[in-house]
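Please construct the entire structure, taking both the sequences and the accompanying hints into account.
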Amino acid sequence: MTYKDFGLVNTDDMLHRAMAGKYAVGAFNFYNMETLQAILATTRQMHSPVILAVSESALTYMGEGMLMGMIRGANIKPNEQIALHLDHGHSFEACAHAVDMGFSSVMIDASHLPFDENIAISAHVAEYAHERSVSVEAELGMLRGHEDENTNSSDSCFTNPDDAARFVQQTGIDSLAIAIGTSHGAYKRQSDDEELRFDILEEIANQLSDLPLVLHGASSIPQNLLGAINKCGGNIADARGIPTDQLRRAINSGICKINVDSDLRLAFTAGVREFLTMHPENFNPRDYLSAAKSLVQNTVIDEMTNIMDSVNRV
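Take 151 as the starting number for the sequence shown in our numbering and just add one per residue.
One should not assume that every hint holds.
Derived Cβ-Cβ restraints for the label pairs, each shown as a range [said to hold, decoys possible]: (1) 227 with 387: 39 to 47 Å; (2) 163 with 319: 39 to 47 Å; (3) 277 with 359: 19 to 27 Å; (4) 322 with 429: 18 to 26 Å.
Don't read these hints as lab results, they were simulated from the structure. C-beta atoms are modelled at their ideal positions from N, C-alpha and C, and glycine is treated no differently.
In structure tokens, the structure reads:
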């Protein structure tokens with residue numbers, strides 16, 4: 151099976167259109183039927199291109215057959231501009247397997263390895279994927295933070311602009327994830343006055359003017375969701391995301407793909423907690439999962455509208 155059998159598209163055209171239009175395509179991580187349904191319903195309602203992102207750990211959690219069964223059941227059409235993307239594949243084997251499953255885009259994340267090893271693995275993935283018309287993203291620089299076993303690092307380093315052009319030339323990748331101060335998880339900044347390294351972004355964008363640039367660890371961590379969780383028995387204190395104005399500036403400076411995971415986890419959790427707090431007698435999973443799905447959908451709508459500016463771009 152190839153991704154075209156599922157109605158999917160790769161990310162090449164959608165990201166280059168986003169570059170030209172100064173907007174971003176959201177790569178929203180999902181991990182069950184409800185989060186997939188919420189993202190798909192929103193992208194269809196808003197007529198927005200979208201990248202359905204799946205980490206290696208989420209793939210293990212859902213199971214390969216179940217995941218691809220849900221994708222087939224979604225009845226996706228190519229003109230909807232929907233891609234299925236492996237997020238943070240950590241080996242050639244993981245990326246190649248995702249391609250063979252029917253993913254239309256893969257990320258090889260060898261950013262923790264020495265520069266030349268990162269080049270070698272990324273180039274190997276690109277060669278395999280391109281033979282099958284699948285897009286490839288790689289990462290240069292490292293993000294700190296923790297979301298799950300798939301993204302867990304206490305180390306960080308900014309992307310070196312002087313290395314970026316060489317890396318892209320020698321790997322043949324289609325998009326580059328850069329490190330300019332974002333991080334994984336809900337604790338992205340220690341204070342409200344921290345800013346992204348726009349100087350690094352602008353230098354890389356000038357050197358790689360035709361290459362889509364990607365921002366990971368870029369959830370905004372909406373405070374209303376944190377408040378709802380903590381009000382209903384949660385304990386997520388002092389979490390800070392990337393402010394909307396900084397994300398919009400990053401898009402205007404060359405970012406055309408933004409990864410969102412933590413915001414959707416927070417929305418899903420807030421939906422469940424609020425519903426069960428308001429209806430303690432209810433034990434029907436369809437009810438509280440529907441509430442969670444609705445809040446995820448509202449979050450995706452808000453970010454497509456107020457951050458990505460991707461509405462009505464299909």
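Going down the list of hints, with the structure as the test:
1. For the pair residue 227 and residue 387, the supplied restraint of 39 to 47 Å holds, since their beta-carbon distance comes to about 44 Å.
2. A beta carbon spacing of about 22 Å between residue 163 and residue 319 contradicts the range 39 to 47 Å that was offered as a hint.
3. Separated by about 24 Å at the C-beta atoms, residue 277 and residue 359 satisfy the suggested range of 19 to 27 Å.
4. Checked against the hint of 18 to 26 Å, the C-beta distance between residue 322 and residue 429 comes to roughly 54 Å, which is inconsistent with it.
Going through the hint list in order, the structure does not satisfy hints 2, 4.
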